[in-house]
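2 protein chains.
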Amino acid sequence: MSVKHSLLALLYEKPRHGYELKTGFEELVQGMWPLNAGQVYTTLDRLERDLLVESPGHDKKDRKLYTITQAGKEELWAWLEKPVGRSLFKDEFYFKFLCASHVTYENRQSMIRNQKETMLKDILHLTHLRKQMVLSDNKTMKMLIEGALLHLEADIKWLDMIAD
Amino acid sequence: MSVKHSLLALLYEKPRHGYELKTGFEELVQGMWPLNAGQVYTTLDRLERDLLVESPGHDKKDRKLYTITQAGKEELWAWLEKPVGRSLFKDEFYFKFLCASHVTYENRQSMIRNQKETMLKDILHLTHLRKQMVLSDNKTMKMLIEGALLHLEADIKWLDMIAD
DNA sequence: ATTGACATATATACCGAGTATACATATACT
DNA sequence: AGTATATGTATACTCGGTATATATGTCAAT
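So the protein lines, in turn, are chains C and P.
Just so we're aligned, residue 1 is where the first sequence starts under this note's numbering, counting upward by one.
Just so we're aligned, residue 1 is where the second sequence starts under this note's numbering, counting upward by one.
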């Protein structure tokens with residue numbers, strides 16, 4: 001989603017080259033969300049063009065290094081500070097039900113059932129993952145998982161609400 | 001987000017021309033989420049290319065009409081039936097905190113505070129909107145708003161959890 | 001020792017979705 | 001009569017993402 005800003009965050013830690021950013025990103029998301037390598041390089045091109053990163057040159061192995069600029073840091077801070085907008089419609093979950101309400105669609109029940117089934121599986125999976133994060137003492141991931149679980153519980157509550 | 005499928009849903013009701021789809025879409029989202037008119041036509045081009053819609057010709061005022069095809073209906077049904085995936089990271093809300101955890105960022109508290117403030121305002125706004133929907137007996141919108149409120153409450157609960 | 005698989009490393013072509021903008025005609029209002 | 005706004009369609013451009021090409025390095029098995 002915002003690969004751009006995550007690259008800025010990674011460069012904030014230390015200078016890196018393209019491939020290092022790819023691996024850094026995947027480490028950040030624990031290997032879930034595989035990142036297409038090509039996207040790293042095109043994103044870096046745009047970041048360099050916009051003066052948010054710059055290159056001090058290549059390392060011994062001829063890999064182009066990148067560092068974050070002052071403007072880049074400011075962009076990153078601004079992004080972090082800016083609250084995310086939770087629009088009613090940008091969430092595909094709700095938007096789908098909105099569309100469904102406009103087609104004479106007899107299978108509303110199966111739609112709800114499918115969705116609920118998937119979410120219950122997700123909850124099981126995340127609960128399991130949460131335990132692993134507790135064991136490996138990964139507090140950030142544990143935190144994120146707990147957030148996702150809260151969301152899923154809200155979703156299921158809503159599905160039950162509208163199922164009547 | 002999925003303008004494409006919402007156009008299919010609108011064409012499922014009845015044949016329309018481009019501009020009618022634009023107004024139909026904006027009616028669907030109650031005027032929130034302004035749709036760029038150009039996007040309607042490029043999306044229709046792709047839908048026609050993929051044989052999901054077709055044109056029976058122009059009306060008296062020379063506006064090109066579109067109808068949904070059988071393949072288009074099947075695409076729409078499949079999309080409606082397919083549960084939305086709630087990835088841990090595709091949600092910018094969590095992803096931002098993940099990035100923040102990787103920059104030595106002293107302003108975590110203000111980040112949380114900003115986000116919470118915005119969300120409390122959103123709750124007020126949606127609560128007000130909900131009342132209007134009850135008065136105008138718009139059950140679908142009322143339903144969506146209640147879903148969004150459940151999400152916002154979950155978000156705030158989470159922000160309080162991590163604020164320590 | 002060589003083959004084959006996999007990791008490292010970068011680059012390009014292409015597509016879908018969204019924004020900006022141009023360009024008409026019709027209608028309403030001042 | 002002139003101007004603003006609604007109706008109606010189209011194109012150029014950008015961004016983000018996917019697929020794919022390509023090259024080198026490393027390690028394991030035959």
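Think of the hints as simulated: they come from the structure by calculation, not from any bench.
There's no promise every hint is true.
The calculated lysine-lysine pairs, modelled on DSBU-like cross-linking and capped at a C-alpha distance of 30 angstroms, are [what the hints assert, rightly or not]:
id : chain 1 : residue 1 : chain 2 : residue 2
1  : C       : K131      : P       : K157
2  : C       : K4        : P       : K131
3  : P       : K139      : C       : K116
4  : C       : K82       : C       : K60
5  : P       : K60       : P       : K14
6  : P       : K73       : P       : K60
7  : C       : K73       : C       : K14
8  : C       : K157      : P       : K60
9  : P       : K121      : P       : K131
10 : P       : K14       : C       : K157
11 : P       : K14       : P       : K116
12 : P       : K64       : C       : K90
13 : C       : K157      : P       : K61
14 : C       : K14       : C       : K116
15 : C       : K90       : P       : K131
16 : P       : K4        : P       : K157
17 : P       : K14       : C       : K73
18 : P       : K139      : P       : K116
19 : P       : K82       : C       : K142
20 : C       : K121      : P       : K142
21 : C       : K142      : C       : K131
22 : P       : K121      : C       : K82
23 : C       : K4        : P       : K157
24 : C       : K116      : P       : K90
To see whether the hints hold, each was checked on the structure:
1. K131/C with K157/P: holds (21 angstroms)
2. K4/C with K131/P: At roughly 40 angstroms apart (the allowed maximum being 30 angstroms), K131/P and K4/C break the hint.
3. K139/P with K116/C: Roughly 21 angstroms separates the two Cα atoms, so the pair holds.
4. K82/C with K60/C: violated (39 angstroms)
5. K60/P with K14/P: Given that 30 angstroms is the threshold and the Cα spacing comes to 17 angstroms, the pair holds.
6. K73/P with K60/P: holds (27 angstroms)
7. K73/C with K14/C: Given pair K73/C, K14/C holds - Cα atoms ~12 angstroms apart, limit 30 angstroms.
8. K157/C with K60/P: violated (49 angstroms)
9. K121/P with K131/P: holds (16 angstroms)
10. K14/P with K157/C: violated (34 angstroms)
11. K14/P with K116/P: violated (43 angstroms)
12. K64/P with K90/C: holds (29 angstroms)
13. K157/C with K61/P: Measuring from Cα to Cα gives roughly 49 angstroms; hence the hint is violated.
14. K14/C with K116/C: violated (43 angstroms)
15. K90/C with K131/P: Within the cut-off at roughly 22 angstroms; holds.
16. K4/P with K157/P: Distance ~34 angstroms between K4/P and K157/P Cα, so the pair is violated.
17. K14/P with K73/C: Violated, at about 51 angstroms.
18. K139/P with K116/P: holds (28 angstroms)
19. K82/P with K142/C: Measuring from Cα to Cα gives roughly 28 angstroms; hence the hint holds.
20. K121/C with K142/P: holds (28 angstroms)
21. K142/C with K131/C: holds (8 angstroms)
22. K121/P with K82/C: The hint holds at about 15 angstroms.
23. K4/C with K157/P: holds (28 angstroms)
24. K116/C with K90/P: Within the cut-off at roughly 20 angstroms; holds.
Of the hints listed earlier, those the structure fails to meet are numbers 2, 4, 8, 10, 11, 13, 14, 16, 17, in rising order.
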